[in-house]
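Protein chains in written order, with our numbering: chain V, 52 to 202; chain G, 52 to 202.
Hint data in this document are derived by calculation from the structure and do not stem from the laboratory.
Treat each hint with caution, since some may be false.
All copies of an identical chain are treated as equivalent in the list; a pair is satisfied when it fits inside any one copy or across any two copies.
[To be verified] Below 20 Å or equal to it, Euclidean Cα-Cα: the simulated SDA-like pairs (lysine to any residue) are:
| id | residue 1 | residue 2 |
| --- | --- | --- |
| 1 | Lys98 | Ala72 |
| 2 | Lys201 | Arg76 |
| 3 | Lys201 | Arg84 |
| 4 | Lys98 | Arg195 |
| 5 | Lys98 | Thr62 |
| 6 | Lys201 | Ala79 |
| 7 | Lys201 | Ala156 |
| 8 | Lys98 | Cys153 |
| 9 | Lys201 | Ala155 |
| 10 | Lys201 | Glu128 |
| 11 | Lys201 | Gly185 |
| 12 | Lys98 | Arg139 |
| 13 | Lys201 | Met52 |
| 14 | Lys98 | Gly82 |
2 protein chains.
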Amino acid sequence: MSDALRTLEDTVLAQIPLARAMQLRMQAYAGDRLTIAAPLGPNINDKGCAFGGSLVSLLTLAGWGLVVLKLRTLGHECDVYVQDSTVRYLAPVWENFSAQACLAAGESWDTFAATLAARGRARLTVDCRVALAGGQDACTLRARFVAIAKP
Amino acid sequence: MSDALRTLEDTVLAQIPLARAMQLRMQAYAGDRLTIAAPLGPNINDKGCAFGGSLVSLLTLAGWGLVVLKLRTLGHECDVYVQDSTVRYLAPVWENFSAQACLAAGESWDTFAATLAARGRARLTVDCRVALAGGQDACTLRARFVAIAKP
């Protein structure tokens with residue numbers, strides 16, 4: 052795991068109690084994709100499969116983490132907030148799971164970074180998914196994030 | 052608190068570890084509105100305000116709980132699942148918070164119950180919100196749920 056990814060994991064686990072309760076682990080950050088994993092046990096619902104709140108939390112954290120990591124790589128010190136999101140629950144998850152985040156189609160890191168440099172804030176859309184072991188989507192989230200440069 | 056609400060709280064806290072970690076409490080169920088509360092402490096993010104995952108979890112549970120409670124009142128034994136949702140994060144939450152769920156405009160419990168009785172499954176849309184102490188919306192969620200009659 053890279054230093055940047057370990058630092059992000061340490062920060063999230065230290066500062067977000069629910070992330071600790073979910074026992075999430077940063078798994079990989081490569082090719083502008085971030086993957087975060089969570090075990091099923093602490094994340095079950097009343098039916099014994101993954102709790103919707105855990106799925107959407109992991110998906111949102113994956114999207115947020117992707118933007119944070121990319122901005123650090125580009126040398127921007129920002130606060131990053133989620134603005135809105137749409138979630139689709141497509142299939143129950145009966146196993147340990149992971150959420151993967153990547154830039155939505157039509158978005159560009161270059162445009163995002165240029166807007167941020169020019170205006171001190173910028174928005175972009177990220178697509179995140181939890182897939183079953185067989186590759187089928189179990190839950191997808193499209194979220195819009197805003198980054199605001201630190202003064 | 053009514054027996055039905057207490058039973059729902061017991062079930063949720065016993066069977067959903069993340070609900071225990073959030074320390075949620077069923078607060079009120081009256082006039083076809085369900086309110087669930089959570090303290091800020093276990094639900095903070097890295098900035099010290101409410102974690103988006105906690106907000107959306109509480110909102111989704113409020114919507115799910117409303118459908119479950121109403122169906123029990125009407126005498127239906129069903130499994131209830133969330134299908135999709137849209138969340139808007141409008142303002143940071145720096146205090147203990149609660150999520151309130153009610154039927155979306157244009158929806159009808161009568162139609163929902165009649166469809167369920169006729170087909171064994173039915174869908175409906177619920178609106179949920181977390182408001183600040185002053186009444187302003189901090190986070191809203193519109194979610195679609197499906198109820199499936201138990202065999």
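Against the structure, the hints:
no.: 1; hint: Lys98 / Ala72; verdict: both (19 Å within a copy, 18 Å between copies)
no.: 2; hint: Lys201 / Arg76; verdict: neither (27 Å within a copy, 37 Å between copies)
no.: 3; hint: Lys201 / Arg84; verdict: neither (24 Å within a copy, 41 Å between copies)
no.: 4; hint: Lys98 / Arg195; verdict: between (31 Å within a copy, 19 Å between copies)
no.: 5; hint: Lys98 / Thr62; verdict: between (32 Å within a copy, 11 Å between copies)
no.: 6; hint: Lys201 / Ala79; verdict: neither (27 Å within a copy, 41 Å between copies)
no.: 7; hint: Lys201 / Ala156; verdict: neither (28 Å within a copy, 41 Å between copies)
no.: 8; hint: Lys98 / Cys153; verdict: neither (30 Å within a copy, 24 Å between copies)
no.: 9; hint: Lys201 / Ala155; verdict: neither (25 Å within a copy, 39 Å between copies)
no.: 10; hint: Lys201 / Glu128; verdict: within (6 Å within a copy, 52 Å between copies)
no.: 11; hint: Lys201 / Gly185; verdict: neither (42 Å within a copy, 28 Å between copies)
no.: 12; hint: Lys98 / Arg139; verdict: within (18 Å within a copy, 27 Å between copies)
no.: 13; hint: Lys201 / Met52; verdict: neither (27 Å within a copy, 46 Å between copies)
no.: 14; hint: Lys98 / Gly82; verdict: neither (36 Å within a copy, 28 Å between copies)
The structure does not agree with the numbered hints 2, 3, 6, 7, 8, 9, 11, 13 and 14 stated previously, though it agrees with the rest.
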